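Input sequences plus hints: build the corresponding full structure.
Counting from 1, position 458 in the first sequence corresponds to residue 458 in the working numbering; the numbering is continuous, with no gaps.
Keep in mind that the hints were calculated from the coordinates and are not lab data.
It cannot be assumed that every hint is accurate.
Simulated crosslink set (DSS-like; lysine-lysine; CA at most 30 angstroms straight-line) [stated by the list, open to error]:
1) K560 with K489
2) K345 with K377
3) K312 with K268
4) K424 with K410
5) K126 with K268
6) K439 with K126
7) K268 with K393
8) K52 with K63
9) K126 with K424
The model shown is predicted, which means the values in this text are computed figures rather than measured ones.
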Amino acid sequence: MRVSQFPLFTLKEAPADAEVISHQLMLRSGMIRRLAAGLYTWLPLGLRILRKVENIIREEMNKVGAIELLMPSIQPAELWQESERWNQYGPELLRIQDRHDREFCYGPTHEEVITDLVRREIRSYKQLPINFYQIQTKFRDEIRPRFGVMRAREFSMKDAYSFHTTKESLEETYQVMYDTYSNIFNRLGLEFRAVEADTGSIGGNASHEFHVLAESGEDAIAFSSHGSYAANVELAPTSPTEQCNESPAQALEKIATPNQHSIEEVCKFLNISAQQVAKTLIVKSDNPEEDNPLIALVLRGDHELNAVKAQKLEGVANPLEFASESEIEKSLGCKIGSIGPLQLKCPILIDHAALALTNFACGANQDGFHYQGVNWKRDASKIKEPRSVDLRKIVEGDPSPDGNGTIQIKRGIEVGHIFQLGDKYSQALKASVLGADGKEQIITMGCYGIGVTRVVAAAIEQNFDEQGIIWPSSIAPFDISLIPINLKKSDQVKATCEQMYTDLQNRGLEVLFDDRDQRAGLLFADHELIGTPHRIVVSERGLENSEIEYKGRQDTEAQKIPMTKILDFLQNKITRN
RNA sequence: CGGGGCGUAGCGCAGCCUGGUAGCGCAUCUGCUUUGGGAGCAGAGGGUCGCAAGUUCGAAUCUUGCCGCCCCGACCA
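Quick look at the structure:
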């Protein structure tokens, strides 16, 4: 393309409300423009990149036999009522009415529609397994859209749905999708991890998230230093700690701690570390009407509660809900800040690490008092055989749950998620086939998503420098920037550029020829900003020696290449990558 | 949802406290010069100061309401 016919809407300064680097660079390089909160227009440059990502996904999906189709973005309420998600989904589901007052929603996902299609069209087990996918625009009315297209309300997603007669067949396809996703992210040139994930509200059995690693990621991922273990921090289990403190038991002491509430304050006051304190959190139980509306969770002072784990435990309300100040005072008789497990008048769940404590401090259930020198067996007589559960968030340095090495934590951007759904939707929508035995059989499903627009942003989060974006070659909008110096003044430069432009295109390379009458500095800056991987400069100075200048986007120095060799040189560079 | 902040030219901002004819930089347009790292000079165009009501002789500025956007929070024990 010629820049005169393919406008670059580059900006010198980024709009002030762009927070993360990918959002800033996408605006500055002229890839996107905001229309309203969470809604973006893709400008010509951005669209080229988006299409490249889509095509890689499409090729890899097709390669393993998935079939592309396209479903409507607007969906009738009836289907969502059938799956009972019309009520389960909150305000995130954008509901709309047509002129006849019939209810619809703008699809945030397509399980219902695809299941409806399959129940109508697929009759026999002989037609299974089958895996349908589409690349479609979704809408989720996020509470707080932010970070540009990273967390937008309207976004593009590749979603695939597989259908099976047996669990084994589902597992087989799930593995194929796992491998396909790995291939896709490798081809996209991104550093990523597949991690075990919570199945969340969609339900089902196995689930993996694919995360592109980047500082700005919204999710924390726990990895083992050796071995292959990787899981969302929300999910990573911690194991019981060895009881290592064999020092003789101290006497139990009740100490006045006036106005010392937080762990930090109490530690400072008693001159101990947070590791020597037990903190007690009061949450609502799952039977608020009965004797024990509240339940206590005990953690070591320096550990954080993992809400996902806690709300799965028996007795704890799901979703997790903290008790209010007044509820606590009413039923436990003291203010928050002085609560401790000893003589506490409600059921108690103790984290592994908290139960391993000896000679520790905790609240005394009396305003302004704490205990010190507490030992579970001796002092917590009311708790019959104290038992520990897994309540806390895993931290760096913990042993890996698979026994290999220790845990490291990094941040990631979730760009893909695969699920073994089972029969949740097929059951609700009664999608069945006739089996070999002539009997009706409910279909088993899997679903597999990739956030296409988010992948574009994630690629930038991982690949940029002071000058701008550094595209991985597989998704760069152009292979080469062709930059003339003094195009309008020099017939020789002009002729050479035109020839190069034609020759490179004839070799199948994508060239962006900057034929604007602008100074060199501006051209260089623009092309570095938009991140083309290769740059050639044609100048009178070079042509006197029959040379063209070449510079890779990440090279520090340009190099001079004889004109006779430049085409082969470039083709080598580009096909090799 | 709760808390904080912002809204002035396409973009980035000043002016508001203390009311008195709306400004700066970049971008845009014209001309001349310049031409290997976001050019210089001269000139020009462009703003219902988010919207509405109020106070006032007079409101970008003060008051109230609404709208839009951004950030933080939803773990004191």
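How the hints compare with the structure:
{"no.": "1", "hint": "K560 with K489", "result": "holds, 22 angstroms"}
{"no.": "2", "hint": "K345 with K377", "result": "holds, 18 angstroms"}
{"no.": "3", "hint": "K312 with K268", "result": "violated, 34 angstroms"}
{"no.": "4", "hint": "K424 with K410", "result": "violated, 33 angstroms"}
{"no.": "5", "hint": "K126 with K268", "result": "violated, 70 angstroms"}
{"no.": "6", "hint": "K439 with K126", "result": "holds, 13 angstroms"}
{"no.": "7", "hint": "K268 with K393", "result": "holds, 24 angstroms"}
{"no.": "8", "hint": "K52 with K63", "result": "holds, 16 angstroms"}
{"no.": "9", "hint": "K126 with K424", "result": "holds, 22 angstroms"}
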